[in-house]
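Visitor: So the protein lines, in turn, are chains W and B. When we follow the numbering used here, the leftmost residue of the first sequence carries the number 5, and every step to the right adds one. When we follow the numbering used here, the leftmost residue of the second sequence carries the number 0, and every step to the right adds one.
Source of the hints: derived by calculation from the structure; they are not laboratory data. In this text the structure is predicted, and so the values were computed from the model without any measurement. For each residue, glycine too, the CB sits at the ideal point set by N, CA and C. There could be a bad hint or two in this list.
[Claimed, not checked] Taking lysine to any residue and the SDA-like style, the derived pairs with C-alpha atoms no more than 20 Å apart in a straight line are:
| hint | chain 1 | residue 1 | chain 2 | residue 2 |
| --- | --- | --- | --- | --- |
| 1 | W | Lys59 | B | Gln265 |
| 2 | W | Lys155 | B | Asn14 |
| 3 | B | Lys532 | B | Asn416 |
| 4 | W | Lys59 | B | Asn14 |
| 5 | B | Lys285 | W | Phe63 |
| 6 | B | Lys31 | W | Lys59 |
| 7 | W | Lys106 | B | Glu272 |
| 8 | W | Lys59 | B | Glu209 |
| 9 | W | Lys59 | B | Tyr210 |
[Said to hold, decoys possible] For each label pair, taking beta carbons as the anchor points, the in silico distance ranges come out as:
| hint | chain 1 | residue 1 | chain 2 | residue 2 | range |
| --- | --- | --- | --- | --- | --- |
| 10 | W | Gln97 | B | Asp291 | 25 to 33 Å |
| 11 | W | Asp96 | B | Leu557 | 40 to 48 Å |
| 12 | B | Gly157 | W | Asp96 | 20 to 28 Å |
| 13 | W | Lys59 | B | Glu497 | 55 to 63 Å |
| 14 | B | Asp291 | W | Glu62 | 23 to 31 Å |
| 15 | B | Glu463 | W | Ala153 | 45 to 53 Å |
| 16 | W | Lys59 | B | Glu395 | 55 to 63 Å |
| 17 | B | Gly257 | W | Glu62 | 49 to 57 Å |
Residues per chain are reported as follows:
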Amino acid sequence: MSSTISLLEQNTRGIFTSLLSEDRLRIFGYIRTLVPHSSDAEDVYQLVCLTLWNKFDEFDQERSFFSWACGIAFYTVCNHRRRIRKDRHYFDQALIETMSQKREKHLENFNSRIDYLHECFNGLNQSDKQLLQNAIFENQSVKEIAKAADKAMQTLYNRLSFLRRELAECISRKLQCEQQV
Amino acid sequence: MSIQDLPPEFEQLLNRLLNSPEGELSDSDFEKFQSFLSSDPQAVQYYFEYSDINAAIQADVSAHLKSLEEIAIGDIKPEPLSGQESQVIREVPAKSRTPVVNYFLVAAASLMFFVAMEWMTSGDFLWKRPSDSITESSLTNLPYVATLTRSTDCVWGGKSLPEFSGQRLLTEDLVLEQGVAEFRFDSGVRLIIEGPTKIELVTSCCANIEYGTVVLHGYEPTPEFSLVTPRLTFHDIGTEYGARINQDGEVELHVFEGAVRVDSHQKNEPFAEAMIIQAGEARHLKQNVIDDIPLKSENFKREVPGAPKKLQALQQELLIYDSFHPPVIGDPERLSEWQNSGIGWANPWRKQQGHSDEFATGDSHPRKTLARTDQAENQLGLIELREGNTAWRTLEKPIRMDTNAIYYLSFYMQKINSGPDTVAEQFGNLSLQTSTVSAHPRNILMGMSSESYATLQADMQIMEKAPPLQTGKTYFFVAKIVASEKDSDQVFLRAFSEAEAIPEGEPPVWTCISTPFQNSNVFDLVRIQVGHKGDFLFDELRIGTTWAAVVNPDLPRLVLEKR
């Protein structure tokens, strides 16, 4: 009997982790835009994972795991906001509600957009790739990069801003082409 | 449409937010950014897109999230169904580290971060920091959020065992096996719990309850108090309500006053929308069913039972008393010897702190009192200190900040002369001091500043409260001193004007509150001090271990009669 329960439990865990693995970037992306502070977003993500696991027996596997996770993430964000809004920047409750609905829909084509981002990123010249990688991938401060490259900080900020705009427009063009096809 | 069709300031703010992931925008810039998002749907779209670009370029984001999952949930081995994760731009293979290695890397990184922060903030490492025999400057990690105000027949389980009424409570789990206890959260909300109940105090506006029975009394100025059960969250709307939460998450909710908004942690029917339950209504809230049930207030302990303590019992809780009553009225009366009255003292009031036996100077007014209630003959008398007068007295039993204890201190005070045209050197105060010589004494002081503001000094904090107190009016000062052996200490001060009633229990509102600090001083001295241009009356000084011991008007008479 106990071995049957153990097998069932392992199976449940396996299904849960598989579903979470598939959607972890989208779930975190959902949380990250509602929680402006990076480490708070990670705290909320951990709470959401815990709640998803604790309530997984209530999950209707006919439904979308991502939608179910967004529902739980929304309430977790609201509760977290209520706890710490006095200490740090947090969006208004009304804005969180509006953005949460839009964001869930926006993340439907997340995987395509990330594929296109990869293509667009590879199309950049080497120095731009390096700047983005140093500033974001390596999480170096722009001050350090500017010092190493002997450039003004504002020049690099302007370049980062330009590159983000270029990447966003490149992804947008590719998505439009996809729709036309 | 391009992002350049939006105001340029939006793109600048968006980039700044993305360049500083720890939210380093100023308040006004964040407000501007938020107003762009609120007013323009396109701004929201660009915010989403740019955030995704930033996130996808970050190093090993999927592995990092996986390590967070493992820390949160525990050891769940991944078994991908499709075996394919979303693609991110990175040069290190995503699966190049095992989850365990990732976990240790995260732990090691956290440790290095902690060590670096330690060095950056203190200029030294924890293991090299010079010891401070007087006080620890670092604050505890857990904040105080509530006070245990009353308890009856309580048996506590779990790790945290509240010991006495008045105790400050940290953000932590409390398990009440039996009995009834009342907390007053720092937001003013009162929560009465009946054992068996397991509750986690989260913030002054939020508590998680795993199971048990509670009655919540809302507090008007508090915006909203969230009581989070395993499946639901209750938000009070000017409320008194009772809730019984079963171990399986089912809840009975009875609303006595106001209304309660109920949010489900899931969006399943019938909990798709938040519901409002009004006064006079009760519901049984199950996983998928909501039943109307009769309101039964008698099923809940709406207040902690128990009569006020008898005076005989209160005597034990009064440690120090001084009515400044001279045993013999002198001639002239102002020279009457007031320095040796009272109980709980080791010696008379002296001019100096050291071993000098010279009596403190100050005028006696043996037939007057500042107390607002009728005084017995042997309670009459007050003192007037002016022009830099200072009086020191040693306590028989010191006030120890290095142990778990609550002390209350009260006295009457009146400024009787504002001086001609200056606001300097007109202060008057009472303080707890230590006879231990220290380069940086960290005393607790309360009274009036030269500008007549109510003032509290605790540790290295100075708090002053406007508007100024009035010259010629008597104020009743009551301080609560929370001493803790392992957690933070804290001091509360309330200055009651003549028009205010003195409550039988601790008030929800204080004049000054210190932020928590750590102090292991042993205060064995009381000092009363007046500035060189000040002129103050002092009367009825008490130190006790409960609120009632320092405010009950009948207690001093009983104590003096017994002597």
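Visitor: Out of the numbered hints, which ones does the structure contradict?
Guide: Violated hints (numbers, rising): 4, 6, 11, 12 and 17; every other hint is consistent with the structure.
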